[in-house]
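Q: Please arrange chain B on chain A, whose structure you already have, making use of the hints.
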Amino acid sequence: MSRSSITRTILLIGPQNSGKTSLFNTLTHSKYKTVNYPGSTVECTLGSLYKAKKEHSDVILIDSPGIQSLNSHTADQTVTVNTLMKTDTLVPNACKNPHLCVLVLDSSQLERQLILAKQFKRLALPTLLVISKGDLKGSHYLELDMPTLSMLTGFETCMVSTKDPYSISHCLDKMTRLLGDDPSCQLNIPKAIGNISEDYMWASAIVKTIQKPVESPDSFDLDKWALHPILAPLIFFGLMTGFFWAIFFIAAPFMDAIDTGFSFLGNLISIGLPSSLFTEFLSNGIIAGFGSFLVFTPQIFILFFIIGLLESSGYLARGAIIVDKPLAILGLSGKSFVPLLSGCACAIPAMMAARTIPNKKERFVTMFTIPLMSCSARLPVYGLLLTLLIGNGSPFKSGLALTAIYIASIAITSIIAAIVARIVGLKANQTDFDIELPLWHMPSLRNTWLNAWDQTWSFCKGAGPTIMMVSIGLWLLSSFPSQDASYIHMISDFIEPVLKPMGLDGRVGVALLLSFAAREIFVSALTLIYSLSEDNISGLIDVLQHATLDTGEALFTTGSIIGLILFFMVSMQCMATLAIARKEMGNWKAPALMTASYIALAYLLAVLANIFL
Amino acid sequence: MVCELDKLTKNENATIVELSGSESVQARLLELGLLPGTTISTMTLSIFGSPLTVKCRGSKIALRPQAAAHVLVEKSA
Chain A
1 MSRSSITRTI LLIGPQNSGK TSLFNTLTHS KYKTVNYPGS TVECTLGSLY KAKKEHSDVI
61 LIDSPGIQSL NSHTADQTVT VNTLMKTDTL VPNACKNPHL CVLVLDSSQL ERQLILAKQF
121 KRLALPTLLV ISKGDLKGSH YLELDMPTLS MLTGFETCMV STKDPYSISH CLDKMTRLLG
181 DDPSCQLNIP KAIGNISEDY MWASAIVKTI QKPVESPDSF DLDKWALHPI LAPLIFFGLM
241 TGFFWAIFFI AAPFMDAIDT GFSFLGNLIS IGLPSSLFTE FLSNGIIAGF GSFLVFTPQI
301 FILFFIIGLL ESSGYLARGA IIVDKPLAIL GLSGKSFVPL LSGCACAIPA MMAARTIPNK
361 KERFVTMFTI PLMSCSARLP VYGLLLTLLI GNGSPFKSGL ALTAIYIASI AITSIIAAIV
421 ARIVGLKANQ TDFDIELPLW HMPSLRNTWL NAWDQTWSFC KGAGPTIMMV SIGLWLLSSF
481 PSQDASYIHM ISDFIEPVLK PMGLDGRVGV ALLLSFAARE IFVSALTLIY SLSEDNISGL
541 IDVLQHATLD TGEALFTTGS IIGLILFFMV SMQCMATLAI ARKEMGNWKA PALMTASYIA
601 LAYLLAVLAN IFL
Chain B
1 MVCELDKLTK NENATIVELS GSESVQARLL ELGLLPGTTI STMTLSIFGS PLTVKCRGSK
61 IALRPQAAAH VLVEKSA
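Chains A and B supply the protein sequences, listed in that same order.
By the working numbering, the letter at position 96 of the first sequence is numbered 96, and the numbering carries on one by one without gaps.
By the working numbering, the letter at position 69 of the second sequence is numbered 69, and the numbering carries on one by one without gaps.
Simulated from the structure, these hints should not be mistaken for lab results.
Take the hints with a grain of salt, since some may be wrong.
[Unchecked claim] Dumping the calculated EDC-like pairs for lysine to aspartate or glutamate here, alpha-carbon to alpha-carbon at most 20 Å:
1. B:Lys-60 - A:Asp-432
2. A:Lys-174 - A:Glu-198
3. B:Lys-55 - A:Asp-223
4. B:Lys-55 - A:Asp-221
5. B:Lys-55 - A:Glu-111
6. B:Lys-10 - A:Asp-221
7. A:Lys-208 - A:Glu-198
Excised from the complex, chain A in its bound form (with noise of 0.2 Å):
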């Protein structure tokens, strides 16, 4: 800031998948995610040089999503190619333009991708040409004669392996020698498109020189299985049934775990405390609360766990190829794959991954139908309906039960989207599908672990103070102005004829309603609000089980808890998903369209289960 008040800007870009974000990563000691799979990344990313010299800690870092050339035409490219030429939107004070590119290219995909480098050459903007994922040098992969690949390019280069400290500091002392010391900006540069032809004949001439040609070992190709006719789709339900049993069978012990820890801690508390309308308010609101809701955080966590194996072994981009053919019957394609089975973890990072859907149609469809995947909220709702309506006996039932679930709101989905998808004009295999496969890459299980770790975390983190909230409220309007006749009785009355077809009371309504703060609210919603109406109660589920209305008939049968899981799984109730809805499809009109259509839907189902079941 001494000599001039311009930030200086350093701009990572390159294709999808060249290694971007672990570079980002190891410079600016951060730890996104990486993802092997096209168009991970669909937002810019900043972060400051990180350099044991003091004097670039004002710089600024930018990832970028990937580009294939500097034409993009999907949403998350035109994110790049609109930093690369007006930075100053991103950063402020930063110039027009970045202070220097970083062009990361993979070192195996190079006469695919040095066609970028032509383009940054046109564009004549102050460049480093960085080879990444260095470390597969020597194996089955090439050597680079790299002072010729600069000769010929006429950038400066350098290989770079994450792995190898020695290598980011000659990259690095490259950078910050480009980057120079004067901030002053560089006059704006047209964007420049040339003829993509030329600029791959350009590359091959020069990877025919500087490869040396190493006759590959005859290595055993995973995609001769994984692409195979027959094994494929096979392979593609075995792992993905495996995924949803992993869920209940892996979890089940560690759930018994923390629910006994719980009850422990509530019997301790109601033991200990003086009898009072506050030490039950503690153990049995608060503690039960929070337990109902924890208990599902290994679920959670073992889903965040095999999602993130699957993408960074380079699986999902197989499986977008086996679903093409269904999908494209909807009117979607294996772009909207992805982004749907990220909406089985949570809507939000989903609806922005819907963003590498180059389709502007199809992209819609998708985002309408993101909602529809059960995400990881909806697990402890199921898990307490599950237990209420089969038991806690049987965890091969349980995962039965919830694998049909999962196949179930599969099925919804896919109707919706060949509704909405006809709505908008898209009919049967209109759409168009091609991806690049990345190369299979072993999973790091530290860092899927760590990731899982944190998305477990957050997500704890997130629901934790609206859970506390709403429990402190929940008491609160059940105490007063007396416990007989509470502001609870009278919301519950009030809304009562609305749940009466669905087969509920009441109680369950006041819980729903809050579920729309966000779904996992209704599993410590409800353990609150009836353990505070029952006396002598023996755990929650007993409670429930044992739940009458007011005519005395029991309150959780098969047709009302297959309603409530019917309603759950269609329902759209999460605010933070409509405001990203919202701001991805760029209007208040779509999203609001979604929310009503789907809470009556959700409702209709839930009554037309009450009255057949």
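A: Here is chain B on its own, set in the frame of chain A:
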């Protein structure tokens, strides 16, 4: 022998002769690196309209048979 890319059988080598189709289709094929003169080899074939996969310029790409039909190739001996 010259034919469309989607007519090739498994593990066949061929050289691209010509692209057809609309300008946007051709532009997309070029962007994938499928330009005349490029040698390719087939990996898996399309069944019931599923995408087929080919090796081209050191990487693997998948595309639908409708798009592959716009790529005219000469089979290698």
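Q: A separate judgement is required for each hint: does it hold in the structure or not?
A: Okay, the hints, checked on the actual structure:
1. B:Lys-60 - A:Asp-432: Judged against 20 Å, a Cα distance of about 18 Å means the pair holds.
2. A:Lys-174 - A:Glu-198: violated (29 Å)
3. B:Lys-55 - A:Asp-223: holds (12 Å)
4. B:Lys-55 - A:Asp-221: holds (13 Å)
5. B:Lys-55 - A:Glu-111: holds (13 Å)
6. B:Lys-10 - A:Asp-221: Distance of about 15 Å is within 20 Å: holds.
7. A:Lys-208 - A:Glu-198: The hint holds at about 15 Å.
When the structure is compared with the earlier hints, a violation turns up for hint 2 alone.
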